[in-house]
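Work from the hints to combine the two standalone chains into their complex.
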Amino acid sequence: MNKDRGDFESVLFTQAMDEHLSSLRYASMIQRALMPDTSFLSGILKDHFIFYSPKDYVSGDFYYAYQNAGYTIIAAGDCTGHGVPGALLSILGISFLNEILQVRVVPRANRILNRMREKVMGALDQRGQEYEQKDSIDIALCVYEPFRSVIQYAGANRPLVMVSDGALKEIKPDKMPIGVAPLEEVSFTNHRIDVKEGDRFYMFSDGFPDQFGEETNKKFKIKNFRKLISYVSGWSMDKQKAHFENTFIEWKGSSSQVDDVLVMGFEI
Amino acid sequence: MKLKAFRIENFRSVADTGMQNISPDNITCLIGQNESGKTSILESLKVFSSGIISEDVLRSDLSLPRVTCRFEVAEGFLDDRLRNVNDSFDKLAGSLNEITLVRSWKADLKSQMEIGGELRDYINDLDSKRKKDLGETEKKIRDFCSLLNEKRIGKETLSASLKEISTKIDSHPARGGTLNIFKKKGSVVKDKEDNTLEELKKAYNSLKEQSEKINSFLNSNDVLIGAIEEWSETIDMLDQTETKLEEISGRLEERHQTMTLLSGPSIDDLSRGEWEKVLNEFSVAVSRKEELGSEKDLKTLYCGYILEGVDEESARQKLDSAGEKRQLEYTTRELGELLSKDCPHFEIFEDFGSLLPNRIDLEDIIADNRSVEGYKAARNFLTIAELDYTFFQQPSSRILKQKIENLNSKLTLDFQDFWQQYVGKHNKIRINFELDHYSTTHGDKAGKPYLEFWVKDEGERLYPKQRSRGVRWFLSFYLELMAASKNEKKHLVLLVDEPGVSLHARAQEDVLKVFEDIKENIQVIYTTHSPHLVDINKLHRVLAVQRDDVENHRSTTVILDAARLGDASPDTLSPLQSIMGNPVGNQEFSVDKYNIIVNNVGTFYMMNAAMKLTGYKGKIHFIPSTDSSSIPLMCNILMGWGMKFAVLLFYNDDELEAARKLRDIVFTDKPGDEENIVVMPEEFKNAEDLLSTLDFKNLILKSREGITISNSEYVSINDLPRNFLLSKFLSDVKLKEVRREDLDEESKENLMLLVNILQKFN
Chain A
1 MNKDRGDFES
11 VLFTQAMDEH
21 LSSLRYASMI
31 QRALMPDTSF
41 LSGILKDHFI
51 FYSPKDYVSG
61 DFYYAYQNAG
71 YTIIAAGDCT
81 GHGVPGALLS
91 ILGISFLNEI
101 LQVRVVPRAN
111 RILNRMREKV
121 MGALDQRGQE
131 YEQKDSIDIA
141 LCVYEPFRSV
151 IQYAGANRPL
161 VMVSDGALKE
171 IKPDKMPIGV
181 APLEEVSFTN
191 HRIDVKEGDR
201 FYMFSDGFPD
211 QFGEETNKKF
221 KIKNFRKLIS
231 YVSGWSMDKQ
241 KAHFENTFIE
251 WKGSSSQVDD
261 VLVMGFEI
Chain B
1 MKLKAFRIEN
11 FRSVADTGMQ
21 NISPDNITCL
31 IGQNESGKTS
41 ILESLKVFSS
51 GIISEDVLRS
61 DLSLPRVTCR
71 FEVAEGFLDD
81 RLRNVNDSFD
91 KLAGSLNEIT
101 LVRSWKADLK
111 SQMEIGGELR
121 DYINDLDSKR
131 KKDLGETEKK
141 IRDFCSLLNE
151 KRIGKETLSA
161 SLKEISTKID
171 SHPARGGTLN
181 IFKKKGSVVK
191 DKEDNTLEEL
201 KKAYNSLKEQ
211 SEKINSFLNS
221 NDVLIGAIEE
231 WSETIDMLDQ
241 TETKLEEISG
251 RLEERHQTMT
261 LLSGPSIDDL
271 SRGEWEKVLN
281 EFSVAVSRKE
291 ELGSEKDLKT
301 LYCGYILEGV
311 DEESARQKLD
321 SAGEKRQLEY
331 TTRELGELLS
341 KDCPHFEIFE
351 DFGSLLPNRI
361 DLEDIIADNR
371 SVEGYKAARN
381 FLTIAELDYT
391 FFQQPSSRIL
401 KQKIENLNSK
411 LTLDFQDFWQ
421 QYVGKHNKIR
431 INFELDHYST
441 THGDKAGKPY
451 LEFWVKDEGE
461 RLYPKQRSRG
471 VRWFLSFYLE
481 LMAASKNEKK
491 HLVLLVDEPG
501 VSLHARAQED
511 VLKVFEDIKE
521 NIQVIYTTHS
531 PHLVDINKLH
541 RVLAVQRDDV
551 ENHRSTTVIL
561 DAARLGDASP
571 DTLSPLQSIM
581 GNPVGNQEFS
591 VDKYNIIVNN
601 VGTFYMMNAA
611 MKLTGYKGKI
621 HFIPSTDSSS
631 IPLMCNILMG
641 WGMKFAVLLF
651 YNDDELEAAR
661 KLRDIVFTDK
671 PGDEENIVVM
681 PEEFKNAEDL
691 LSTLDFKNLI
701 LKSREGITIS
711 NSEYVSINDL
721 PRNFLLSKFL
731 SDVKLKEVRR
741 EDLDEESKEN
751 LMLLVNILQK
761 FN
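First to last, the protein sequences are chains A and B.
Those letters in the first sequence? Residues 1 to 268, by the numbering used here.
Those letters in the second sequence? Residues 1 to 762, by the numbering used here.
The shape of chain B in the complex, shown without the other chains (with noise of 0.2 Å):
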């Protein structure tokens, strides 16, 4: 699984960076101020992979954090890892080249890890029209909650009626129930009362009839019922359950209001001990409201089944199968937490974290014992050299310290490949390791064997404590870098926050070098605040850090990508504008081909993209200059140097003055020599007028606003950052991102006037 893409929400000064991909090359650079928010950009992602953060990270509306991670993965990847659930979902997964992985962190600072992307959302529908279901469901179960309160309420009034009738025909004097004082009464008084009676009877017989309905139905739908009391019951529990996590996660929030604000565990009002109580009260709390809520979910779900008229039995069986079938299926998190164990391990590079030590016992790198000084170093030290500890059981020490020999030459070798600064005028350091064994004088490890390791130049043998902090951050860093290339199964980002800030320019260049070098194994993202570490022909790879409001440190930070450096303020883009400012210093000039000078860098890169686009294979080399005004001067270079060269120029007011001034003072000599100067034709007034409008808009710009005017016009007029859209676009068309079918026949009739032009000078 290989990082393409990062999304950092509530981190600090961190609000929300909104998806950035990271350089598809491995390598990525953030540059920016200081407080920018570059090392929380880092460390943010190193929590992604570990999962734990402390209050110190939460912004002041306590927020939680959350980091989003877009992973590509093989094709096949998911189709392996997945068990299969349904058609579609399977279809999905193995269509998918790409996963996205969420870890968010709740109240307590727990975190989670969840699936994202294409995946989340085929789940969430399921879930919601799951719910929606189940809501559905829930409304009949409320139905008949109130048509069973209904009945309830009708049945008791109901036995009130039937026992006042009850007692009225006891007590009538139709039945003799009460006192005669008349032997015989009149047949007109006896009819009413028989009358009164009858009617009391059929009032009863039908308050009976319907007393006796309601208890049909009760009784009928005893087993409903007894299953809605027990919905009831759990829905009960659950609104119990959230009550008490609300309570918890309030007194969390204060407790980190408290943190934040204050810092510092001394401010506590709650012993440790406590803490962990109220911790663990919400852990368990969460874990009882996920538990309650599919437990309430199958009790909706076993009511439905009744409500629709099927059977205890039945309805337990299709319990039973909907369950296995819910079984089947993956949640955000199962799928998350699955997957996520695939994804790459994220490490923060701590500087000096693996200064080799000066001496260390072959017996705790044995043993593993970690606690020992330099342990780490050794080790990464042995990885790289690719040694394990059966190597020191050679029993001739003869055939030993020679392998030895050969090993330091080549490990010596390779780390001058990358470290290319010299001590001195001409010495390099070597880095050495030998063999040992402690004397009598040591006690209990006399005879034990040690590895003594030693940074040497020609003049010096010293331990590596004894160098420079310099040559020591470097071969730390080496040591780290090329040992985690050889180590990991997994893949690895590495972070790293401003490497090599106590190096020399040159050295620093050497860092890069190194990154070039492992980027196949291991992703690289850092920080940096020197020019020396940006690579001027990838500025793909760069992502520009600064505060959304550049004047207010508390403001959020932004993330500006490549396409949009141009938006950055001047000092994020310091690192850029010195090595522009300085382009000849990267470029050299060519004594096998013929040197095209053109004006400026953004030029330079529109050439050659232009070549490549083209296909262009003659022997030329563009140089940039810094301006026209330099032009003369390389020029007087080139010609006292015996190369071969020409100064291509546009037609714009500035090069037209240089080709002017080429004539009069440079070209002065042999007749013939200001063929050299070639002066674009009138519709060209700099490069980017060699695309047309359209493809000016749609591969350089990417915009679609309608434009009047040539394509430096509008650079210029907007004052768009002409060195980095043309830097873009150079590196798109290396990537292969535009091709030269993606040109209208505008463009392709311009690029091959330039061809035109150029042949001369094969």
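One chain only, chain A, in its complex shape (with noise of 0.2 Å):
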């Protein structure tokens, strides 16, 4: 009777676990398709990979582009968590950021993200009280002005990496997520970059610096990661998304995955 009665609630769990997977696997496919595609992104930029590898069936981390009048704008976002939680803040995102590009505004990249601060604590109802939630998106966003050879970046968190002539060089980001600030919001830092044909940028979650290896139990680190992008930046951006990825595979070996990772690469 009793070994009866396990069966069937196995039975059911199992059941239970096949329709959550399911429901999972579902939602990584919207989540996805909110996404630009490769052939999208093919259109508007010179050359770019995406290496996107989510922790779980959804993820926290995600990618955006968006062309309007002339104006290219690129993004890679990483919100607070992983799994559902981060993929639900992800989504808010690229909806946020839909929603301010539509509208007619000036395309300066710090303001596109004061404003989806704005729209992140109005949607979260962060006031800078103590006991509220203080979920957050970090997140790189490049401006691109062809007719002016300019590259605007703001950047939550996140950084920008250029290489222009085999030259490496990031620009840092402000010290503050989109979302409440610890102390106060500030105006995100608007960074001209004079760009020309060929150049390369990366934008990058935190996911693959923070790796731990199955060989050394240490994380990847940034120091690693960028002699990494300086080591491939060269390459075409095929060949360099399967050195990220294989790099990643082979760094993490059996250890699992600490979190979502996305590393993005374009050239103009």
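Mixed in with the good hints, there may be bad ones.
Said to hold, decoys possible - Take a look, some chain A residues computed to stay more than 12 Å from chain B by CB distance:
1. 19
2. 35
3. 53
4. 69
5. 83
6. 115
7. 119
8. 123
9. 129
10. 186
11. 222
Unchecked claim - Computed list of lysine to any residue pairs in SDA-like fashion (alpha-carbon distance at most 20 Å, straight line):
12. A/119 <-> B/40
13. A/175 <-> B/40
14. B/4 <-> B/40
If you are wondering where the hints come from, they were derived from the structure by calculation, not from laboratory data.
All values reported here derive from a predicted model rather than from experimental measurement.
No residue lacks a Cβ here, since even glycine has one placed at the ideal position from N, Cα and C.
What follows is the structure, encoded as structure tokens:
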């Protein structure tokens, strides 16, 4: 009798799990559908690659691209947490970027982030109180103005790495998230970078640099990540992606993935 | 010392106002309905200064009042006044540019002044530490007392046992103490008896030894034991005093209850003399309690030293040295009393309290005879004229009369600077005084000098008492304030309850001018219901006073500062709304500048703030309309007067409609005229949209809530008091609390866009 009952519960549990996994797989498809596909990115960028590896089915990392009135906007975001909560916040982030960019707006990278922060704070009812949720998004956002050969960059805790003529340069982000700041919200900084054809740019979440290695039990670290970019930056984008992927898999080995991973490279 | 903020607790309808900043430019205006608690606020500030209250200020729960005032002090102020205590205290005192004083009342309605703020925290921290140390010592003393008790009980038990054994030994057969029937004992019996005696002796010796140890313990601790006995006596006395104090407090509370509820001394069941006795007993008990408290602390300390093994003489020396150190330190009360000597004097202006007499004897002024009618006003008058009695000792009456005439002209001119009202169409009143001598018909006074006062206009020469109530009030007010501003060596905070209620609207504005004139020397806090006594460009001066529950007059009083005026009830804000409805009344058109008409007073504030922030020096002058429907009318007036003007409109439905009307109706004559209609780009739906959302939140709303719509939509959807918010913003800009460098690049860019648009009117 008891054995039968145990079997029955086990069957129910397995069924429930299957349903959950099926839902998550479907959610993952929806999340992917909200992010720009390769053909769209190929249309607006000279070349690019995306290495996107969620820790779970759905991811707190997201990438974004938009083109309007001659401006190209590209962003890579990393929401607090991972899995379902991170994914929901990433969907909010994507929607907010769409809302901001679809209305007439002066395309300044920092103003886009300022507006996005208002929206996140509004949606999560953040007012700088102690007890409230501190969920937020870290993001690097570029506005490419091809007619001026300028890239504007603004960052919320996420940097932009640029490789020009083989030299790597990192543009530091503002140390505050898209969400309530620890003390007070101030305007993000707008960096204007003169660019030329063939310059390559990299935006990434902290998943790759923070990944623990199987052999060393230490993080990959941002320093090594920069070296990796420098090493591969002259290669074709496809080859770069493959190398990032292989390096990550090799480094991680059999240890578990600690966070969602996103590395985005593009050439103008 | 300048008053910066106040807090009132438990005073009539006021439960707790919280700390309220007063206006930094020395004029603070309290607005609110009748019974809202405005006068209570003035009275509570007055009693902060005097310390005198009666039962009728107590709240029904009989909580005792407390008034806290924060003052700004000059650099080095505390260094000059305080003795050196220790490095940390001296450093703290030297670094302060503000001090807080707290006056609180006890059950006998007597008050004490204490220091508040950081200095109080410092002293309290020291006290807490000291109390903790004393507490630990007290615990050790009590532990010792327990040990002492044990020893004493042990000693008693031992004495009893010793006595018992001693008796047994004495009567033991082996000692031949009992009747020996047999001449000779058998050896077995004898041995047995000997053994028992030996055991008894051993036991005796052992007990004796223990007893001696206890004695030795008691003897070696005799100093400590003596000290502890004294300590215990003090504690007993302290307990008794506290019980007595509680009992008297209870009786006082009952009396307050009766007096508050029924009012009037007739219901008092104790004669005045008996009450005096009760109050005196309370006062004695309070002092005794403090005295015993200090005594107990000293005795605890002394016992502690002895317990630590310090000898008697050294312990006394240590106690003396601790006492000296303690003597050097300030108590909160000592510091409060010391610093309150420098704090401003708070004075309530009493209507007609200094009304000029028709005539006053010079002798009474010289003799300082305050009981004579009109003395105060005459004295004030002479103070303003900067005269003392030696002036009247001028031997030549011709020269004296000439001097008096000159002075009258000067005083009249000074007075007319403030009192700008006319009698009839053209005549202004003049104040005059004359020196004369009593005639022989005045008996004893014959030949003695007197001063006579007149308030004249061209038609009439009337004594002050014959003038209208309004003139008398203003004259009294003028004399009092001007004299105070010349007189006071100490800073004065003048409290004025509803000034100028009997004055014409224009004359009420003259009252404001007097406040402006004296504000460098005198801080003014006044209550009003009149829109003419509120300067709309200085809303930071306004504190709104209302009941916590506006429907319930028994609820407590709350104060809302300028930033929170939006939370005030419409009735509270009525004086302000009266002005808001008529902003143009105070705004003159400019003939030598380009008049830029804007939709309303909120936009007018924002435009002026924008000009200040950008440092724009163009020859433009903003004029607020009452709303968009009035703009065409204003344009017609300005056009009729031949003045240069333009209309600046924002991109909202009302203003776009106004733009259309202006094109259709007003600017139809000459082509190119319509260039004088400027409509801001689409993203600027209203003037507040000139700021980025972030700056709008940080600098105007002072809130961190995420705003996902335009600033103007946010104001409209949330029904925020736009005019108040933008007025406060302008005031912050004027006070340089908001500067250009505080703006982010988006706001700066928007303001420069506005400046570029306005350039064409230069």
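Structure-based check of each hint:
no., hint, verdict
1, 19, "holds (36 Å)"
2, 35, "holds (23 Å)"
3, 53, "holds (31 Å)"
4, 69, "holds (15 Å)"
5, 83, "holds (24 Å)"
6, 115, "violated (7 Å)"
7, 119, "violated (5 Å)"
8, 123, "violated (7 Å)"
9, 129, "violated (9 Å)"
10, 186, "violated (7 Å)"
11, 222, "holds (29 Å)"
12, A/119 <-> B/40, "violated (46 Å)"
13, A/175 <-> B/40, "violated (50 Å)"
14, B/4 <-> B/40, "holds (19 Å)"
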